[in-house]
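Peer 1: Chain by chain, the residues run as shown.
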Amino acid sequence: MASEHVLRTARTASAAALLVLVAACGGGGGGGSSSAPTPVPVPVPIVTYSGADAARLADQGSFGATKTLIDAMVAGGSAGAWIDAQFAAPSSNYSDLIAKSVAKTYCDALSGSARNVCDRDYRSSFGVALEFYAHAVANPDQLRQRVAFALSQLLVASDFEVHSTAGLASFNQIFLDNAFGNYRDILKAVTLNGYMGDYLDLANSSRTAPNENYARELMQLFAMGVNQLNADGTDKVDATGATIATFTADDVRGVARALTGWTCARLGTAPISDNNAIDYAKPMISNAALYDTTAKTFLGTTVAAGAAQTASLDAVIDAVFNNASTAPYVSKFLIQQLVTSNPSAAYVGRISAVFANNGSGVRGDLKAVVRAILTDADARGDAKTGASDGKVKEPVLFSLAIARLAGFRSDGYAFYTRDQAMGQQPFRAPSVFNFYPPDYPLPQGGGLVSPPTKLLTVSTVIARHNLAYDWLVNGDAASRSEYTPLASLTGATGTQPDWSAWEAFGTDTTALIDRINLLMLNNTMSAPQRAALVTAINAVTNADPTVQARKRAQVALYIVASSPQFQVDR
Amino acid sequence: MAISKRDFMRLTAGAGALAVLGQLGRTAGVAQVAPGYRAMVGVFLFGGSDNWNMIVPTDGRYAGYAAGRGATLALPQASLVGLPGVPYGLHPALAPLGAAWSEGALSAVLNTGSLYAPLTKALYQSRTDLRPTNLMSHADEQSHWQGMRMRDVNRDGFMGRINDREAALPTPDLISLGGSTLALIGKSSSPLILPSNGTIVRNGYNAASNDAAVVARQAALTTFADAGGTGTPTQLSATTINTSYSQAATANGILTGASTVDQYFKNGAGVALTSDVSRQLLRVARLIEARGTLGHTRQVFFTSQGGYDNHSNEVDAGNTTTGTHASLLTDLADALAGFYAAMKALGLQDQVTAFTMSDFGRTFKVNSQRGTDHAWGNNHLVLGGAVKNRTVHGTYPDTTLGGPDDVDGAALGRWIPTTASEEYLGAIAQWYGVLPADMPYVFPNWTTWSTGGRGPLPLFG
Numbered sequence: 001m002a003s004e005h006v007l008r009t010a011r012t013a014s015a016a017a018l019l020v021l022v023a024a025c026g027g028g029g030g031g032g033s034s035s036a037p038t039p040v041p042v043p044v045p046i047v048t049y050s051g052a053d054a055a056r057l058a059d060q061g062s063f064g065a066t067k068t069l070i071d072a073m074v075a076g077g078s079a080g081a082w083i084d085a086q087f088a089a090p091s092s093n094y095s096d097l098i099a100k101s102v103a104k105t106y107c108d109a110l111s112g113s114a115r116n117v118c119d120r121d122y123r124s125s126f127g128v129a130l131e132f133y134a135h136a137v138a139n140p141d142q143l144r145q146r147v148a149f150a151l152s153q154l155l156v157a158s159d160f161e162v163h164s165t166a167g168l169a170s171f172n173q174i175f176l177d178n179a180f181g182n183y184r185d186i187l188k189a190v191t192l193n194g195y196m197g198d199y200l201d202l203a204n205s206s207r208t209a210p211n212e213n214y215a216r217e218l219m220q221l222f223a224m225g226v227n228q229l230n231a232d233g234t235d236k237v238d239a240t241g242a243t244i245a246t247f248t249a250d251d252v253r254g255v256a257r258a259l260t261g262w263t264c265a266r267l268g269t270a271p272i273s274d275n276n277a278i279d280y281a282k283p284m285i286s287n288a289a290l291y292d293t294t295a296k297t298f299l300g301t302t303v304a305a306g307a308a309q310t311a312s313l314d315a316v317i318d319a320v321f322n323n324a325s326t327a328p329y330v331s332k333f334l335i336q337q338l339v340t341s342n343p344s345a346a347y348v349g350r351i352s353a354v355f356a357n358n359g360s361g362v363r364g365d366l367k368a369v370v371r372a373i374l375t376d377a378d379a380r381g382d383a384k385t386g387a388s389d390g391k392v393k394e395p396v397l398f399s400l401a402i403a404r405l406a407g408f409r410s411d412g413y414a415f416y417t418r419d420q421a422m423g424q425q426p427f428r429a430p431s432v433f434n435f436y437p438p439d440y441p442l443p444q445g446g447g448l449v450s451p452p453t454k455l456l457t458v459s460t461v462i463a464r465h466n467l468a469y470d471w472l473v474n475g476d477a478a479s480r481s482e483y484t485p486l487a488s489l490t491g492a493t494g495t496q497p498d499w500s501a502w503e504a505f506g507t508d509t510t511a512l513i514d515r516i517n518l519l520m521l522n523n524t525m526s527a528p529q530r531a532a533l534v535t536a537i538n539a540v541t542n543a544d545p546t547v548q549a550r551k552r553a554q555v556a557l558y559i560v561a562s563s564p565q566f567q568v569d570r
Numbered sequence: 001m002a003i004s005k006r007d008f009m010r011l012t013a014g015a016g017a018l019a020v021l022g023q024l025g026r027t028a029g030v031a032q033v034a035p036g037y038r039a040m041v042g043v044f045l046f047g048g049s050d051n052w053n054m055i056v057p058t059d060g061r062y063a064g065y066a067a068g069r070g071a072t073l074a075l076p077q078a079s080l081v082g083l084p085g086v087p088y089g090l091h092p093a094l095a096p097l098g099a100a101w102s103e104g105a106l107s108a109v110l111n112t113g114s115l116y117a118p119l120t121k122a123l124y125q126s127r128t129d130l131r132p133t134n135l136m137s138h139a140d141e142q143s144h145w146q147g148m149r150m151r152d153v154n155r156d157g158f159m160g161r162i163n164d165r166e167a168a169l170p171t172p173d174l175i176s177l178g179g180s181t182l183a184l185i186g187k188s189s190s191p192l193i194l195p196s197n198g199t200i201v202r203n204g205y206n207a208a209s210n211d212a213a214v215v216a217r218q219a220a221l222t223t224f225a226d227a228g229g230t231g232t233p234t235q236l237s238a239t240t241i242n243t244s245y246s247q248a249a250t251a252n253g254i255l256t257g258a259s260t261v262d263q264y265f266k267n268g269a270g271v272a273l274t275s276d277v278s279r280q281l282l283r284v285a286r287l288i289e290a291r292g293t294l295g296h297t298r299q300v301f302f303t304s305q306g307g308y309d310n311h312s313n314e315v316d317a318g319n320t321t322t323g324t325h326a327s328l329l330t331d332l333a334d335a336l337a338g339f340y341a342a343m344k345a346l347g348l349q350d351q352v353t354a355f356t357m358s359d360f361g362r363t364f365k366v367n368s369q370r371g372t373d374h375a376w377g378n379n380h381l382v383l384g385g386a387v388k389n390r391t392v393h394g395t396y397p398d399t400t401l402g403g404p405d406d407v408d409g410a411a412l413g414r415w416i417p418t419t420a421s422e423e424y425l426g427a428i429a430q431w432y433g434v435l436p437a438d439m440p441y442v443f444p445n446w447t448t449w450s451t452g453g454r455g456p457l458p459l460f461g
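If you're matching them up, the sequences are chains F and Z in order.
In case it helps, this note's numbering puts the first sequence at residues 1 to 570.
In case it helps, this note's numbering puts the second sequence at residues 1 to 461.
Simulated from the structure, these hints should not be mistaken for lab results.
Quick caveat: nothing in here was measured; it's all calculated off a predicted structure.
A few of these clues could be false.
With a straight-line Cα cutoff of 30 Å, these simulated DSS-like cross-link-like pairs (lysine-lysine) come out [to be verified]:
id : chain 1 : residue 1 : chain 2 : residue 2
1  : F       : 367       : F       : 282
2  : F       : 236       : F       : 384
3  : F       : 236       : Z       : 187
4  : F       : 236       : Z       : 121
5  : F       : 384       : Z       : 187
Can you build the whole structure from these sequences, using the hints too?
Peer 2: Take a look at the structure:
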């Protein structure tokens, strides 16, 4: 048949030489450090502090409630007291992995299983994920780790594309180090991180043809968002009601040019021409020959011709960090990660104001931001009952919460065997857009969003259920090969659940259910649910009273862990 | 089967369904809907595939192509897979699809993309209010392609809205093997989202058990499955969780049991395909094979392939026919060729149409790392026996950097699309059976793309 390829005839030509490809907006968004500080509302201290409230704080600020944790929270007398104690807890770290920075060809001389183990241990996310899980299960700096994990889903670099255990560890160390630090420091450290440099192509971006990848995502994903925001996180709109872009194509180009001239550090004394000896675990270094020394303009800022490379870098970081949309964008993201998927505009506005000014004139103070998020009236109190309240437990939070209930000590491997099927392998997001976008719609939710719902499919629902069943009903250590120390892993310790606290309930079904109700459902269990649980518990019998007590607790934990009420935090 | 609240879009042979349609006053569309089975199979190339190297002009325009892309990126003319009858050739990695072209089962669509209104460069410059929002952003352009609202928030997708207009079925006939994504979300309907590999069996659950402890345990599970009064997110999650259990039981046998279609998913050397996109399309073929068991006379599938955001190393140094993009296209072509062979074996090649989508096209000009950056208009492939014989649709742009089709301020080659994504996908939706009256529901800006000389591409016939 005749094809319809029509050679284009000339179309109305435009004489304009410069275009912007994204809707032009009011000045490209630039707030600037000179913008007037917003008055800081002082969060109202919560005086009364119930166990259920503490259990909710555990959902929000830790990797899962335990009796020990709730007791400590209640003993502190307020959410703020526990949070302040967490600020002082010594930080988990990946220092042993960061020290394992090796050349790309490090494993090449090996073959067979030895090669596979080498690649796994030096050139994948495996080691970082295992340490992440091991620390999350047991280490006391729960809040720091939880905030770091949230940040790792905002500023994403992934083993899906770049394979370096030390590099990935160094990248995530940024979030542990700065979880209670300043967001500007995070932006700068991430920008210069060698692993990120490879992931989003900033490394070796050259003045001859600047790579726009990092420039765009720095603005769009890591700081400002794509639409200009009011301080309360709602979209600004123009006269026609349309959203307004935070940046233009010219801004992308300007930032890309300002960020030229960086390359990954090299191992030892290797020259920068040696692309095998890349040291992903160190910040990038200058390769001045690639740096664009001409004037650059972006986001209402101009960097003069001849400016030093570091001056261009700082100008970019300042412009992005001080953009008016950055405070609500980052604040809302952190609220969604820690507390609720659909925060009220007023809640976002209160946190955004703290981001803009911590009360001492400092912008981007995450310690103040995190404290404000978790002590806000919209976060505290007993279980929230509004129609829009709720946050689906993403897979990592689901598995860790169950593990902490079961008293795990773990080297992380058991989690690693499970996470892919649930759709969330830490530090292996499918793209820079994380495992889910922050605006993923709740289907049929009437305009509500539910980011983790993107990870609720037939297969992941089954995988979540099976984890609960296998780790709880079938959760005795001797029966689970995934708990056995992995022979090929140096220093493997495997996984050991500790059921003794649950066995201690003996035949006291009421006390058992009360504990489960507190730790897992924030005391929201209904009377029919309790009755059904009693029947299920009493149907489990064993001649050995300890075994019977354990099996009863395991069944009860499984029934509740697989319930929608546990899988959605309120 | 709860059908009373829903409109029907498609009709199957059942007299009962016809009667219901009559009650709904929808009989006007009945005659326009073809009887028998049909399926549309979307393949979303996540990241923005550089399809300016997927299909290349082979006539006098090749010189402009080669000049614009440069020696670093341009495919040698001799390397292209010729398409007899048209002055275009395919990337050599797409050679497995050459036979389908020869059989008249492959089409290409040129320079299509997100558009809110028809645009010239002058109009683009003067009327920012006519541009899709946040062009060149992955997330926004994916939402444009999947949600089909170019200037508004997308909270549901075109496949989900097609599903809204169909009869509710025990097992939804909108099925994703490529995960959960906006395209699948309906205003009132839910998709079936299945894994691309592995089994889906609920451990420890046996509805027929006589063990008193198991019976009591499962009764408690049922009690806890009711999330009434817990707020919208919990209640809707409960629905998802509960339906997933029953859907898994249905789907597992189809995905893991015996099948006649697996044998077709092999590469040219006879080696079984292992790429994720091939596993997805293999399972699509299985679900099509099992359409009778599922009670499906129409099926919409979403599949995906990731990794196309090739800002660097899109091509190898010194060889533009190899590199990251070529590897991805090899996997895609092998998977699609296997899928088409499977449809032929089922005798359904004229009733199943596969088609590609992607975030956006990429800059025509190469960057400093043998990669390309985000752009706009792009080319796509349509595969199936129903397509018009050996036809390339749409308009190839003037590839002069900074020329009349290039809206990029630095002349990197970002082409204004000349065919709206609605004109492309709308043609497939109509072939599938979406009634004219439902097109504005499925494609909210349909009026723009069906009047004033615009309309769906003549892909079929």
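Peer 1: Hint by hint, note whether the structure agrees.
Peer 2: Cross-check of the supplied hints:
1. F:367 with F:282: Distance ~26 Å between residue 367 of chain F and residue 282 of chain F Cα, so the pair holds.
2. F:236 with F:384: 29 Å, holds
3. F:236 with Z:187: Holds: residue 236 of chain F and residue 187 of chain Z sit about 26 Å apart, inside 30 Å.
4. F:236 with Z:121: 27 Å, holds
5. F:384 with Z:187: Distance ~26 Å between residue 384 of chain F and residue 187 of chain Z Cα, so the pair holds.
Checked against the numbered hints listed earlier, the structure breaks none of them; every hint is satisfied.
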